[in-house]
Each structure stands twice: as C-alpha cells, then as structure tokens.
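Novice: Position 68 of the sequence shown, counted from 1, bears residue number 68 in the UniProt record's numbering, the numbering being contiguous throughout.
Quick caveat, the hints were computed from the structure, so don't treat them as lab data. Note that CB positions come from ideal geometry on N, CA and C, so glycine has one too. Do not rely on the hints blindly, as some may be mistaken.
For each label pair, taking beta carbons as the anchor points, the in silico distance ranges come out as [as the list claims (entries may be wrong)]:
1. K161 x K86: 15 to 25 angstroms
2. K114 x H159: 17 to 27 angstroms
3. Q185 x H159: 14 to 24 angstroms
4. L113 x A81: 15 to 25 angstroms
5. N117 x N65: 15 to 25 angstroms
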Amino acid sequence: MLSKITKWAVLVIATVVLTLATFSSTIIASATTNTVTPSWGSWEDTTITYKTSTSSSYYKGVWKNAVKRWNKVGVVQLKAAKAGQKADITLTSSASLSTKSGKLAGYTNYSYLKKSNDNEIVSAKSTLNRSLLSKYHYSKNQRTNVATHEIGHALGLSHSKSKSSVMYASDRYASIDHQDKVALQNAYTD
Numbered sequence: 001m002l003s004k005i006t007k008w009a010v011l012v013i014a015t016v017v018l019t020l021a022t023f024s025s026t027i028i029a030s031a032t033t034n035t036v037t038p039s040w041g042s043w044e045d046t047t048i049t050y051k052t053s054t055s056s057s058y059y060k061g062v063w064k065n066a067v068k069r070w071n072k073v074g075v076v077q078l079k080a081a082k083a084g085q086k087a088d089i090t091l092t093s094s095a096s097l098s099t100k101s102g103k104l105a106g107y108t109n110y111s112y113l114k115k116s117n118d119n120e121i122v123s124a125k126s127t128l129n130r131s132l133l134s135k136y137h138y139s140k141n142q143r144t145n146v147a148t149h150e151i152g153h154a155l156g157l158s159h160s161k162s163k164s165s166v167m168y169a170s171d172r173y174a175s176i177d178h179q180d181k182v183a184l185q186n187a188y189t190d
C-alpha cells in the first residue's frame, strides 16, 4: 500500500513540476517574442502633411481610414495638405504594381537624408495595387490594413517579425498593435 502511495505521490509531483516547467517556458517564450517593430528613420517634425492622389472615392476612403489609425496612436499628426501645398506623403493607388520582387499589394518609395544617428525622411509615396487587392478579394478592412502598413513605412517603420504587427511583411489581417505604437514613439522621441 505504501509503495502505491509513494508511486502516486511521485507521479503527482512529476506532473506538477512538468506543468510548472511548461508554464514558465510559455511565459518566457511569449516575453521574448514581444519585440518592438524596427524603425529606420523619421520625419523632422511630428506634423506630417499628406495628399490622396487617386480618383477612386473607394480608395480615398481606404487611405482616410488608415490615416485615422495612425493619428489615433497620438505620436504623429497626419494632416491633409492644403490646396497648392506640397505634401510630405502622397497616398495613391495603381491599376497594377510590379517591382523587382514581384507583384505587391502595396509599395512605398521614400527619400531621406542620412544623419549621424538616424535618417530624416523628406518625402514618401505609398501606392496600393488595385488589381491584386481585387483579384484576391481583400475586404475594405484588409485594404485599410495594407494602407496602414504602407503609411507605417512612410513614417519610418520597417518590417516586423511578429504576425500581430501591422508591419509584418504579409499585412492583410493585422492592424496597429502595441509594438508598432512603441516603435513609432521610439522613432519620434529625441
């Protein structure tokens, strides 16, 4: 009888130890994968002008929603450029978009000045690929996620390794998360 109790006690203790080890490994793993989205540069000022250069009212709405998302973060203020004013960022859409790396849902070009400790962005143009977004049946929210991702590049953010980040390279399903907010704060804090 004592032998059965001892075996049972050892089994219970082993189960508890294994459970605790697994639980602590999970905590450590999730803590180490919570990385901040990298950034490569920033604008000189946190008020950044933009213009939407597309004739499609649908895509104007997509860009408007993406701008609202970044403004809601509270680090930068994206403001529509006044008529005749040169915008810092141009937001547009194209019937087709091909690059050396293939067909993309969106793409951002930018110009910057190399500084001693950072890059100062001086202009950017973000483009959405209408044909690809339609071909793969992206919803309006998914198109807004892509637009949000492209504006992230225009603000100086790089690709993230986290699938929950809007800056993940395959950005159809993700929206701005905590690590993206922290990255933007880090990029625009002196």
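Novice: If I claimed the Cβ atoms of L113 and A81 lie 15 to 25 angstroms apart, would that claim hold in this structure?
Specialist: holds, 21 angstroms
Novice: Do the Cβ positions of K161 and K86 conform to the proposed distance bound of 15 to 25 angstroms?
Specialist: violated, 35 angstroms
Novice: The hint says 17 to 27 angstroms between K114 and H159; measuring C-beta to C-beta, is that right?
Specialist: Between K114 and H159, where Cβ atoms are some 21 angstroms apart, the hint holds.
Novice: May I ask you to test the hint 15 to 25 angstroms on the CB atoms belonging to N117 and N65?
Specialist: Since N117 and N65 have Cβ atoms about 34 angstroms apart, the given range 15 to 25 angstroms is violated.
Novice: Is the gap between the beta carbons of Q185 and H159 within 14 to 24 angstroms?
Specialist: Once the Cβ atoms are compared, 18 angstroms apart, the range 14 to 24 angstroms for H159 and Q185 holds.
Checked against the numbered hints above, the structure violates hints 1 and 5; every other hint is satisfied.
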